[in-house]
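S.K.: All chains, full assembly: derive it from the sequences and hints.
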Amino acid sequence: MSITTITTATQTPTQPDPVEQEVLASRVLQQLAPELAKLEPNDLVTNVALDIPTAVSTVLGSLPEIRAQRDELAAKLPDFDPSALDKLEDYALALSAAHAALLAASQPSSELRAVVEEATEVRELLLSDATALVRRGLLSSESIADLKGPVGFRNISTDVFHLVEAIRARWTDIESKSAITQQELDRAERLQQRLNRLLGLKDQQTPDINAASEQRRRALTLLLRAYDEVRRAITYLRWKTNDIDDIAPSLFAGRGGRRKSTETTPATPATPAVTPATGTTPTTGTQQPTTNSSAATPGAHNAAATPGSEPFLG
Amino acid sequence: MSQSRAILNLGAWRTLEGQPGGSPLRIPADHLVTHAVVVGMTGSGKSGLVMVMAEEALRARVPVLMIDVKGDLPNLLLSFADFDARHYTSWFAQQATAEEAGELASKCAAERAENFRQWNLSESDLAAFATNTQIRLITPGANSGESLHVLSSLEKRSPRWDTDPDAARSALSAAVSLVLRLLGRDPEPARSKEHVLLSVLAERRLLAGQNAELPALMQDVKSPPIAEVGALPISEFMKKSERLKLAASLNTLLASPTFASWRQGAALDVQSWLTPDATGRTPAVILSVAHLDDEERALVLGVVLEDVLSWVRSLPGSQQLKALVMFDEVYGFLPPHPANPPTKRPIVALMKQARAFGVGVVVATQNPMDLDYRALSNAGVWCIGRLQTDADRARVIDGLRGALSVEQTDAAIEEDLGRTIQRLADRWFVVKDTHAKVGPLLLQPRYAMSWLRGPMTRGELRAACEQRLAAGNRAPF
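Respectively, the protein sequence lines represent chains A and B.
Mapping of the first sequence onto numbering that gives the first Met the number 0: position 181 corresponds to residue 180, and the numbering continues sequentially without gaps.
Mapping of the second sequence onto numbering that gives the first Met the number 0: position 368 corresponds to residue 367, and the numbering continues sequentially without gaps.
What the hints contain is simulated information worked out from the structure, not anything from laboratory work.
There may be inaccurate statements among the hints.
Using C-beta positions, here's what the derived DEER-type ranges look like [what the hints assert, rightly or not]:
id, chain 1, residue 1, chain 2, residue 2, range
1, A, GLU123, B, SER255, 20 to 26 Å
2, A, ALA74, B, ARG422, 24 to 30 Å
3, A, ALA67, B, ARG422, 21 to 27 Å
4, B, GLN117, A, ALA74, 36 to 42 Å
Yeah, the Cβ is synthetic: ideal placement off N, Cα and C, and Gly gets one too.
M.R.: So, in structure tokens, the structure goes:
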């Protein structure tokens, strides 16, 4: 039985307040700590490319319909472990709490935000001027070739440093031909130093952030495993009705091109994800069969594409 | 542009009954001259297929104009020249520590390298693509890419007034319509008095070799330098009080800071966009309007597509594919009658006329019910991903009917095709090419050379542009 079931079972008010019945996610996370700790590092998901709050909402919103399948799953799929289904709510709540903990731990200080904001603007301004100077032949193209880009605090700091250095090195040539002033360069240099100092202070908090990040990956791993298991089972159970996405929607659906997990692991051309028309057991990501299709019958089309040919050439 | 028959390698294929095709699905580029429609529900892989088609066209040295509504076509900027992990590091830096970012980048690069190998794409293929392609990102009303002067057809005199005044007049008309829509006035060229007056006044200046900038036009509206419009004296055509109100509205528009950002940047000149530069690199122009609201998108795209249409009509006839115009998520821009956004007329006209000039149009949507029938019935290549609703499948099969042979339009076969479409897995498509003598087949698009990260924010667009610049490519803006 899940933690949430135990907790809610002890509350028996005559007219239960749904809000009061909500289980504290942080408590569930605490109670799942031993299970989370058991996960091996190699088993953890590596890239959290999901919108966590949306994924949690999707799972929690799907629970009533998923639970309605429990008896049939237990009866028809003896190998199916119903604990995956029973623990879905706990796993979703734990993930929610772990995500909140990570956000709280990684929140930059207000001064850091302000300095980064100014440094970003300074970087863009200097880069724009430097690009013009490169085109004029007053700076070498190498001076901006190694810039790291505006993504990431350290990258911004490094870029400001490089830009200031590059411009100072040719200052006598540039001074009268650019809008850049000595005061701007001094300010940029001080800004970069301040940013470095603040990033150093932030590093002191990094162990907390790393721990929170690790805990979130563990919670996500548990949820994805359980949810995928449940989806696979329901897909099999309701193969003919083909309504898995109505009962337990994919957590990766509706994200446009951000389908990292599938994008980076497609079926190979040699074995594309398609199952011939045999009505065999479905597997996640496989082509569903086109059973008894007269369109699939040789001769149904006056000229069906034949394997080994170049169907669209000639 | 290559004169030999260009071939596009779209991916792996199977017969409808699931037998492997055994070879890549190769399609002659000129089959796209009769346009293509890509449909499929969310997550079916439409954008990935559109990206692969764009990449293949570019590899065949065909210039591409990509209209981006959702924000993910700029992923083309993330087509790196090799398998090196350093390209990915900065993209993970924001959501991870430096150490984690390095690990994630290495893992991502290794996964992608493996996928490239599986699809027989080598580092030299990536390098050739990067070397031969000039990607340009245009973001009207924003500076994350290159800004666009959307009223340049009106405010800046185009050389087309000397060579092709009809085309220049069409572009001018679209720009005047845009101004009138922004003013909340009737933008229809055929019935709007304001449209006629502004067009006449602007054309007078442009034909005289001048620019027709809005401040000058405003003065012309207040004190017209012409005595008549058509056969009527100016005072009878539009009363002075009405003209003063129109001038006041123009002044308010000119004072708007938002509007000012639409009057900055590169001139709207599709011909120069799609002409290879001096280095001979094939241009890929991404026009991204993802940051604009729905009405602004329709207005800007209406003006741009009118210019595309004008440019197409100026080309010599051709049966080879000379350029490809791709519109991902065309939903709402090409609706059935009676809806008539400013984008509809030029897209329908392109799909009816552009084939004669060697310009193909590819439209993709998740909602085929929302497409004008003329777009569907003019398409020669169909790529259909999974569709869940009966209405969507019926609509597609109805449109596809013209592309099937008589034997294939049997009701039972259509029903089977509908079932197949309903049950397709993600990233599989039923493909029908009306130029080919074979029936529909199944396509799994190849792995894209571009890193398909999904929709990109303005900051990410800037970062991607700077990354390309730092990597030695010409600045996309």
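S.K.: So, for every hint listed, does it hold in this structure?
M.R.: The hints, checked one at a time:
1. A:GLU123 x B:SER255: 20 to 26 Å: Check passed, 25 Å falls within 20 to 26 Å.
2. A:ALA74 x B:ARG422: 24 to 30 Å: 26 Å, holds
3. A:ALA67 x B:ARG422: 21 to 27 Å: Given range 21 to 27 Å: holds, Cβ gap about 24 Å.
4. B:GLN117 x A:ALA74: 36 to 42 Å: 41 Å, holds
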